[in-house]
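Novice: Sequence:
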Amino acid sequence: MDLLNTLVDKGLRRETPTRAEALAVLATSDDDLLDVVAAAGKVRRHWFGRRVKLNYLVNLKSGLCPEDCSYCSQRLGSKADILKYTWLKPDQASQAAAAGLAGGAKRVCLVASGRGPTDRDVDRVSDTIRAIKEQNEEVEVCACLGLLSDGQAERLREAGADAYNHNLNTSESTYGDITTTHTYADRVDTVRKAHAAGLSACSGLIAGMGESDEDLVDVVLSLRELDPDSVPVNFLIPMDGTPLAGEWHLTPQRCLRILAMVRFVCPDVEVRIAGGREVHLRTMQPLALHLANSVFLGDYLTSEGQAGKADLEMIADAGFEVEGADQVTLPGHRAAGGCGSHEGGGACGTAPEAAEGQASAADAPRTDLVAVRRRGAGTDLAPNA
187 MDLLNTLVDK GLRRETPTRA EALAVLATSD DDLLDVVAAA GKVRRHWFGR RVKLNYLVNL
247 KSGLCPEDCS YCSQRLGSKA DILKYTWLKP DQASQAAAAG LAGGAKRVCL VASGRGPTDR
307 DVDRVSDTIR AIKEQNEEVE VCACLGLLSD GQAERLREAG ADAYNHNLNT SESTYGDITT
367 THTYADRVDT VRKAHAAGLS ACSGLIAGMG ESDEDLVDVV LSLRELDPDS VPVNFLIPMD
427 GTPLAGEWHL TPQRCLRILA MVRFVCPDVE VRIAGGREVH LRTMQPLALH LANSVFLGDY
487 LTSEGQAGKA DLEMIADAGF EVEGADQVTL PGHRAAGGCG SHEGGGACGT APEAAEGQAS
547 AADAPRTDLV AVRRRGAGTD LAPNA
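Residue numbers (the working numbering): 187 to 571.
Quick caveat, the hints were computed from the structure, so don't treat them as lab data.
The structure displayed is predicted, hence computed values, not measured ones.
Be careful, since some hints might not be right.
Just the calculated beta-carbon pair ranges, DEER-fashion [what the hints assert, rightly or not]:
(1) Asn191 x Gly337: 34 to 42 Å
(2) Gly337 x Ala493: 37 to 45 Å
(3) Glu507 x Arg561: 40 to 48 Å
(4) Met187 x Thr565: 44 to 52 Å
Just so you know, even glycine gets a beta-carbon here, dropped at the ideal spot from N, CA and C.
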């Protein structure tokens, strides 16, 4: 297929696909799906070999958020029966992180519900970062605390944070349809603050909220312009008690096409399969490893994920290997400070050597696969890692 050959060539040169080319990936048929995966897999292997980076979430503060994000079970007015608790103490968070590290995670993601941190919250998280790094100085720590005020990113960096996550989630043109208590521009501003402070920026999207193909392509092209080092791809988990509880639009095939499109647009970036992979990719998760080079291990913020042992077995069975703490995730040109998105496809580094459609009415939603988290952080039960 000429389209796929063109996209592979562009991916190897770090040249941005056209909007029409990205849309064409999402429009491919199920008959062409394996060809799409194979083509995007060539780009993934060129930049990341067969390594899979493991990340582990620690929910520092769960529920009771004043924002009205329609997709979120922690939102203002949510009736979802989730765990609700205030800030974990640094030693509690460090213990929770230890479980993920023991399971093979390389990065710990510290997340807290809320519009954004107060200065006191930044102090709390800074103490937590230090506590985690005292136990394992090699671990990467990413903070995800909402909208940042001036100077807060710098303080997190000084405390030892390596990265900051703040997702764009959807296109600018439809952002107001899912959230009204803050703007798309607010989110862009926070990603830029993280960049400016020297933190590795992490920003991604949520698929499955009823958006169009155009929305998906537009948000990914916007992410390419922002140039984060990692792009998490979340698949909406329609939690009971949220406005989007009835949004079941994804099939495993569509999820794979979305991941392939993200890989073609962001070829040398850490593409992470995030929330919802078990619910929507299901038995096709191993194919997704040919597109993404990073996954979350174990449970998510308010929902349960696949058993950590099953994740490790899946990675090994698919012929991939867990990325070690001594291995650099990003290609040399990005790890050394990055060269931006390379408009026009100019190259400035060497790659490491590389070892349809919406669901029909007949497709029954797998609501049985959505499980509220009842273990780990904020409980007395052992975490899943």
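Novice: If a hint holds in the structure, say so; if it doesn't, say that too.
Specialist: The hints, checked one at a time:
1. Asn191 x Gly337: 34 to 42 Å: For Asn191 and Gly337 the Cβ distance comes to about 48 Å; the hint is violated.
2. Gly337 x Ala493: 37 to 45 Å: holds (41 Å)
3. Glu507 x Arg561: 40 to 48 Å: Taking Cβ atoms as reference, Glu507 and Arg561 lie about 28 Å apart, which means the hint is violated.
4. Met187 x Thr565: 44 to 52 Å: holds (49 Å)
This entry does not satisfy hints 1 and 3, going by the numbered hints stated previously.
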